[in-house]
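Construct the complete structure from the given sequences, taking the supplied hints into account.
Here is what each chain is made of, one letter per residue.
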Amino acid sequence: MASSTLFSMCSLKSESFDIKAINSNKEFKFNASNLPVKAMLSSDFMNSRLLTDVNLLKWGQSERLLRDRMQCHAVEVEKVPAYTMGKKFQLDDVIEAQQFDRETLNAIFEVAKKMENIEKKSPGSQILKGYLMATLFYEPSTRTRLSFESAMKRLGGEVLTTENAREFSSAAKGETLEDTIRTVEGYSDIIVMRHFESGAAKRAASTAGIPIINAGDGPGQHPTQALLDVYTIEREIGKLDGIRVGLVGDLANGRTVRSLAYLLSKYQDVKIYFVSPDVVKMKDDIKDYLTSRGVKWEESADLMEVAAKCDVVYQTRIQRERFGERIDLYEEARGKYIVDKDVLRVMQKHAVVMHPLPRLDEITVEVDADPRAAYFRQAKNGLYIRMALLKLLLVGW
Amino acid sequence: MASSTLFSMCSLKSESFDIKAINSNKEFKFNASNLPVKAMLSSDFMNSRLLTDVNLLKWGQSERLLRDRMQCHAVEVEKVPAYTMGKKFQLDDVIEAQQFDRETLNAIFEVAKKMENIEKKSPGSQILKGYLMATLFYEPSTRTRLSFESAMKRLGGEVLTTENAREFSSAAKGETLEDTIRTVEGYSDIIVMRHFESGAAKRAASTAGIPIINAGDGPGQHPTQALLDVYTIEREIGKLDGIRVGLVGDLANGRTVRSLAYLLSKYQDVKIYFVSPDVVKMKDDIKDYLTSRGVKWEESADLMEVAAKCDVVYQTRIQRERFGERIDLYEEARGKYIVDKDVLRVMQKHAVVMHPLPRLDEITVEVDADPRAAYFRQAKNGLYIRMALLKLLLVGW
Amino acid sequence: MASSTLFSMCSLKSESFDIKAINSNKEFKFNASNLPVKAMLSSDFMNSRLLTDVNLLKWGQSERLLRDRMQCHAVEVEKVPAYTMGKKFQLDDVIEAQQFDRETLNAIFEVAKKMENIEKKSPGSQILKGYLMATLFYEPSTRTRLSFESAMKRLGGEVLTTENAREFSSAAKGETLEDTIRTVEGYSDIIVMRHFESGAAKRAASTAGIPIINAGDGPGQHPTQALLDVYTIEREIGKLDGIRVGLVGDLANGRTVRSLAYLLSKYQDVKIYFVSPDVVKMKDDIKDYLTSRGVKWEESADLMEVAAKCDVVYQTRIQRERFGERIDLYEEARGKYIVDKDVLRVMQKHAVVMHPLPRLDEITVEVDADPRAAYFRQAKNGLYIRMALLKLLLVGW
Numbered sequence: 001m002a003s004s005t006l007f008s009m010c011s012l013k014s015e016s017f018d019i020k021a022i023n024s025n026k027e028f029k030f031n032a033s034n035l036p037v038k039a040m041l042s043s044d045f046m047n048s049r050l051l052t053d054v055n056l057l058k059w060g061q062s063e064r065l066l067r068d069r070m071q072c073h074a075v076e077v078e079k080v081p082a083y084t085m086g087k088k089f090q091l092d093d094v095i096e097a098q099q100f101d102r103e104t105l106n107a108i109f110e111v112a113k114k115m116e117n118i119e120k121k122s123p124g125s126q127i128l129k130g131y132l133m134a135t136l137f138y139e140p141s142t143r144t145r146l147s148f149e150s151a152m153k154r155l156g157g158e159v160l161t162t163e164n165a166r167e168f169s170s171a172a173k174g175e176t177l178e179d180t181i182r183t184v185e186g187y188s189d190i191i192v193m194r195h196f197e198s199g200a201a202k203r204a205a206s207t208a209g210i211p212i213i214n215a216g217d218g219p220g221q222h223p224t225q226a227l228l229d230v231y232t233i234e235r236e237i238g239k240l241d242g243i244r245v246g247l248v249g250d251l252a253n254g255r256t257v258r259s260l261a262y263l264l265s266k267y268q269d270v271k272i273y274f275v276s277p278d279v280v281k282m283k284d285d286i287k288d289y290l291t292s293r294g295v296k297w298e299e300s301a302d303l304m305e306v307a308a309k310c311d312v313v314y315q316t317r318i319q320r321e322r323f324g325e326r327i328d329l330y331e332e333a334r335g336k337y338i339v340d341k342d343v344l345r346v347m348q349k350h351a352v353v354m355h356p357l358p359r360l361d362e363i364t365v366e367v368d369a370d371p372r373a374a375y376f377r378q379a380k381n382g383l384y385i386r387m388a389l390l391k392l393l394l395v396g397w
Numbered sequence: 001m002a003s004s005t006l007f008s009m010c011s012l013k014s015e016s017f018d019i020k021a022i023n024s025n026k027e028f029k030f031n032a033s034n035l036p037v038k039a040m041l042s043s044d045f046m047n048s049r050l051l052t053d054v055n056l057l058k059w060g061q062s063e064r065l066l067r068d069r070m071q072c073h074a075v076e077v078e079k080v081p082a083y084t085m086g087k088k089f090q091l092d093d094v095i096e097a098q099q100f101d102r103e104t105l106n107a108i109f110e111v112a113k114k115m116e117n118i119e120k121k122s123p124g125s126q127i128l129k130g131y132l133m134a135t136l137f138y139e140p141s142t143r144t145r146l147s148f149e150s151a152m153k154r155l156g157g158e159v160l161t162t163e164n165a166r167e168f169s170s171a172a173k174g175e176t177l178e179d180t181i182r183t184v185e186g187y188s189d190i191i192v193m194r195h196f197e198s199g200a201a202k203r204a205a206s207t208a209g210i211p212i213i214n215a216g217d218g219p220g221q222h223p224t225q226a227l228l229d230v231y232t233i234e235r236e237i238g239k240l241d242g243i244r245v246g247l248v249g250d251l252a253n254g255r256t257v258r259s260l261a262y263l264l265s266k267y268q269d270v271k272i273y274f275v276s277p278d279v280v281k282m283k284d285d286i287k288d289y290l291t292s293r294g295v296k297w298e299e300s301a302d303l304m305e306v307a308a309k310c311d312v313v314y315q316t317r318i319q320r321e322r323f324g325e326r327i328d329l330y331e332e333a334r335g336k337y338i339v340d341k342d343v344l345r346v347m348q349k350h351a352v353v354m355h356p357l358p359r360l361d362e363i364t365v366e367v368d369a370d371p372r373a374a375y376f377r378q379a380k381n382g383l384y385i386r387m388a389l390l391k392l393l394l395v396g397w
Numbered sequence: 001m002a003s004s005t006l007f008s009m010c011s012l013k014s015e016s017f018d019i020k021a022i023n024s025n026k027e028f029k030f031n032a033s034n035l036p037v038k039a040m041l042s043s044d045f046m047n048s049r050l051l052t053d054v055n056l057l058k059w060g061q062s063e064r065l066l067r068d069r070m071q072c073h074a075v076e077v078e079k080v081p082a083y084t085m086g087k088k089f090q091l092d093d094v095i096e097a098q099q100f101d102r103e104t105l106n107a108i109f110e111v112a113k114k115m116e117n118i119e120k121k122s123p124g125s126q127i128l129k130g131y132l133m134a135t136l137f138y139e140p141s142t143r144t145r146l147s148f149e150s151a152m153k154r155l156g157g158e159v160l161t162t163e164n165a166r167e168f169s170s171a172a173k174g175e176t177l178e179d180t181i182r183t184v185e186g187y188s189d190i191i192v193m194r195h196f197e198s199g200a201a202k203r204a205a206s207t208a209g210i211p212i213i214n215a216g217d218g219p220g221q222h223p224t225q226a227l228l229d230v231y232t233i234e235r236e237i238g239k240l241d242g243i244r245v246g247l248v249g250d251l252a253n254g255r256t257v258r259s260l261a262y263l264l265s266k267y268q269d270v271k272i273y274f275v276s277p278d279v280v281k282m283k284d285d286i287k288d289y290l291t292s293r294g295v296k297w298e299e300s301a302d303l304m305e306v307a308a309k310c311d312v313v314y315q316t317r318i319q320r321e322r323f324g325e326r327i328d329l330y331e332e333a334r335g336k337y338i339v340d341k342d343v344l345r346v347m348q349k350h351a352v353v354m355h356p357l358p359r360l361d362e363i364t365v366e367v368d369a370d371p372r373a374a375y376f377r378q379a380k381n382g383l384y385i386r387m388a389l390l391k392l393l394l395v396g397w
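Chains as they are written, first to last, in the UniProt record's numbering: chain U, 1 to 397; chain G, 1 to 397; chain L, 1 to 397.
Possibly wrong hints are sitting among the right ones.
[Unchecked claim] So, partial list: chain L residues that the calculated Cβ filter (under 10 Å) puts toward chain U:
no.	residue
1	Tyr131
2	Leu132
3	Glu158
4	Leu160
5	Ser188
Derived from the structure by calculation, the hints contain no laboratory data. Because the structure is a prediction, the values reported are computed rather than measured. Heads up, the beta-carbon is just placed ideally off N, CA and C, and yes, glycines get one too.
This is the structure in structure tokens:
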């Protein structure tokens, strides 16, 4: 979202400011009472319901004058609220895994842990009472949608839902994503968006005056999955520094494992093992990135050997649709590395098996009963992470 | 809805009434304690949850006798509640733009203005707490549906939703609209219906014991759009009497502009300019109606000239689907009148650009940043109008 | 659901138990403080939000040892709560009509009657506040879904909804029903499921740690319809013992009439008349079952004669899809037994016409106005039955 929107009102009529910068989104910065403040040249941020007493923005000067860093009289601006009140950082949108540093991750995980308690002990939580989340899904993903909607409702919030968002941009009605966002932000306080195009969430966020959460944009990002994966490792193993993680299966196409490798590089003394059929090996960009960050990694063809050494065996599904006509290659690849009782047998007592779900047969059903099978707890952790993010984006720390 | 259903209970056992009239909907009128009262020969209005202490209707006479205006003993009737308590009018259903007179419009707009405050300042409003709205959509219209559902939830109400209502009347399950309504009214307190057939909302309202809101019935009516358009003009320009409105684009097929022209005729000294490609000119019925009501109108081929004179430039989308095979005519028509920076340049400072959305390129994106671009505020006004209507239909003035 | 999940916590650390039995679902029984207790060898019941203070289950022994009835130290178990506190029975899931005995039916009907009052007089009921129901529909059934969702919301509960559940098991994402249930139970407190496969609900219930309600599984069961049918007879006629019921229409394929016949056999001195075209006669299994239970039944080709004798004429729709290419047979069958004014004329004053809906023309529209037309009240009773079941499953008696 445009950062101004979550600001609380600070009436500065008739004062004058020195405009510091103005960017293409029409955001600008200036100082007021010696506080750096961002504002936006737009009338529609007035609609944000977090504002309590906002009059129309009256410019003493035209936008052109502002660009020229003229002084600006009689403007009403907004100031960052609770967010910055002695707290670490401000969370505006959740767009991609890369936006989170280690400190931010830890802070989110702390909130997620509190959410576990709330979910179990406070069924009638009203933390987000009065807030309305729109789930704007351009392609169906029932699992992800239900997880977000459950998160919102567990905190007392309300939901507007559509899995039919593609209708907005269909041939007959065809409007831009930006127009759709401008409309939907008028009906809600936060938008959870799933889209078929990489980068769609970023475009939405630069348009919206309310927070956007990316619930997957095509082959691009699915940051809440990445967060819940790291959170699960921390909850199951008790630490992130020094862990050994085996990434197994389709490492070439899975955005999940790519994001996970990326986020793990933020911790110390991590070692990653890549175990995958040749046709779907981890790509060089991630390997190079890990090397540049000093993360040790190696490729292995021996799942048993890796499983015996790791804290986490992270299995993924080989996706048939990646193989086109080559069913033979698919069949060969998918049968190669299966997590079964034999793998469990060599795994350490404290280690866990993870999987982003859905699984087909890459983890056998017999594994489910083992306490080290963490994948359903992992799915549940998605709820806590999403509760935490909704809380942080809507009411702050 | 059948008007009896919103009545509060008035126990009139053992009294006797003189039946005044009975119509085909089985509604009848009589006097009780010198108050004109309407009731209904139907058992299912007993189900209305607004009633607080209702026993089964016991007729001393058969329906046939009632038709003969016999006296009727031992009937329990209901009396109009808050609605009529010193207030202007009773709103039973919202079916078509024509049902609203100027006084009613003003009264609704007053309530809508209050809703703006509630939405901004009272996120936890409970005005409609305990009420359940069903959105019964026979064709998808995510924009309209989300707007209604947001309106309900902003007031603390709850929603049952389906965009799959066509399933009710599908070949295999095939039931009449009337039967569907009788079922759904048992689950909810108000029905917002979108249908592909003109007149469907009226049929639903004559069946239902609860209020019906027409959210568009085929090429017919879309009254809440008409209301929000007029409301937007009043909010943006500050008045409705004496305004100059340019209707631009597809005036032949757009139900929006037709309804708007109709409603504007209720105000004084209005002047309307029609600016459209020849193939989609405003039809004679509306022109004749305006003339008969003393509304001045003229057709113009010069958008710039009109834009310079008007308070409102109301642009609409040229709908490709209206042109069938004649893509050439469509391409010619759609490019003819575009609202862009040049149009803005000639427009007056207080004037605004409106559009029912979605837009394609009939308003260029560069216009969005101008404060006179009112179309997203217009969309937001749809929320306030719908909040107002839901409040009026469910709890009265 | 696995019965342990609704238990309240009873901290029994460091005590020792004698395991009584362990079954294939990994449930086991033992005594604690002389109370028989069931628990489950599973880590995921820890996720149940009804538990208030649950630590991870730490086994002193392996599952294998437990099977061998070893003593088990340091286990935390859960104890049956309110359910068994002086009340008749415990309701874990609603899977099939056969699970209900007469006593259970009566108890549920008592609660349903209370629900009628709540729906009419307590619009803001908060009985299920804080509870979240997931409607997991693998095929659309808007009528049934809306009825359940209304029931939940009338009691203050919240809903996660999908009519798109088939996406979970689609070719590309293909996961087992069991995996889907394990995921969705992490997001909700109760699952209402509709599936295209017979037996799906039972499979879901044996997996889930939360209650499952079967909202129809293929040609199999639709137990809430069966319950609402019996409840309607009791409400309309005032008794179930000694009633005369005519089942009319498609008796071969209708799961509704089959379940109804089954449940009626639990009452005394019931007589059932079967009236159907030859091609869709009641099958021998139900006839044999009725005979074995001492229920009198006879087949008749004369609807008028039966209608004159019965307390309930239960009409059903002849389903075209059952006839394949033989449209001629379908047309002959569907026109044979119509409930119209003539049938009403011979029916007794206290008798009623019922129908599971939707109806086509097997009951003529003219019948609707007659007070004996009970089918819309029957649909409404579905709401009360579902409110009752949700309440019983989530908060007990």
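Hints and how they fare:
no. : hint   : result
1   : Tyr131 : holds, 7 Å
2   : Leu132 : holds, 6 Å
3   : Glu158 : holds, 5 Å
4   : Leu160 : holds, 5 Å
5   : Ser188 : holds, 7 Å
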